[in-house]
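**Student:** Sequence:
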Amino acid sequence: MKAVIYTRVSTEEQAKENRTSLTFQREQSEDYCELMGHEVWEVIVDAGYSGLSLDTPGLRRIQELAQTEAFILVAWSSDRLARDIIRRRLLAETMKDAGG
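Oh and the sequence shown: position 39 is 291 in my numbering, straight run, nothing missing.
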């Protein structure tokens with residue numbers, strides 16, 4: 253199945269840290285996709301955006317894709333998608349409404 257990888261950091265410090273850098277997140281997500289047999293279709297990056305916002309270019313792109321394509325969404329950690337459970341739930345509902 254097609255997979256879309258999503259990576260996000262909100263600060264330059266996070267971007268430099270080994271376990272939260274965009275490179276680390278991407279590599280871990282690609283390894284997961286390979287292990288599960290998913291084809292990486294697109295990698296979406298939100299650099300400099302807070303996990304408190306659901307209105308980022310990357311999340312808007314994911315919603316656009318969900319309207320026309322079926323795919324697996326892969327993120328290194330759920331807090332990369334949204335900072336708390338309420339925002340993750342809102343994102344899930346938005347994705348469902350978009351056809352995802």
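Keep in mind the hints are simulated off the structure, nothing from the lab. The C-beta atom is built at its ideal place from N, Cα and C for all residues, glycine as well. Don't take each hint at face value.
Quick list of in silico lysine to any residue cross-link-like pairs, SDA-like style, CA-CA up to 20 Å [stated by the list, open to error]: (1) Lys348 with Ser305; (2) Lys254 with Trp293; (3) Lys268 with Lys254.
Taking CB as the label site, the calculated pair distances span [claimed, not checked]: (4) Glu264 with Met288: 18 to 26 Å; (5) Asp349 with Arg271: 31 to 39 Å; (6) Arg313 with Glu286: 31 to 39 Å; (7) Ile338 with Asn270: 24 to 32 Å; (8) Asn270 with Thr320: 23 to 31 Å; (9) Arg271 with Ser302: 13 to 21 Å; (10) Glu265 with Gln319: 31 to 39 Å; (11) Ser329 with Trp293: 18 to 26 Å; (12) Ser302 with Thr275: 17 to 25 Å; (13) Thr346 with Ala299: 18 to 26 Å; (14) Asp283 with Arg340: 20 to 28 Å.
**Student:** Hints first: check each against the structure and report whether it holds.
**Tutor:** Hint-by-hint comparison with the structure:
no. : hint                           : in the structure
1   : Lys348 with Ser305             : holds, 18 Å
2   : Lys254 with Trp293             : holds, 6 Å
3   : Lys268 with Lys254             : violated, 29 Å
4   : Glu264 with Met288: 18 to 26 Å : violated, 32 Å
5   : Asp349 with Arg271: 31 to 39 Å : holds, 33 Å
6   : Arg313 with Glu286: 31 to 39 Å : violated, 23 Å
7   : Ile338 with Asn270: 24 to 32 Å : holds, 29 Å
8   : Asn270 with Thr320: 23 to 31 Å : violated, 36 Å
9   : Arg271 with Ser302: 13 to 21 Å : holds, 19 Å
10  : Glu265 with Gln319: 31 to 39 Å : holds, 35 Å
11  : Ser329 with Trp293: 18 to 26 Å : holds, 20 Å
12  : Ser302 with Thr275: 17 to 25 Å : holds, 20 Å
13  : Thr346 with Ala299: 18 to 26 Å : holds, 22 Å
14  : Asp283 with Arg340: 20 to 28 Å : holds, 23 Å
Violated hints, in rising order: 3, 4, 6 and 8; the structure is consistent with all others.
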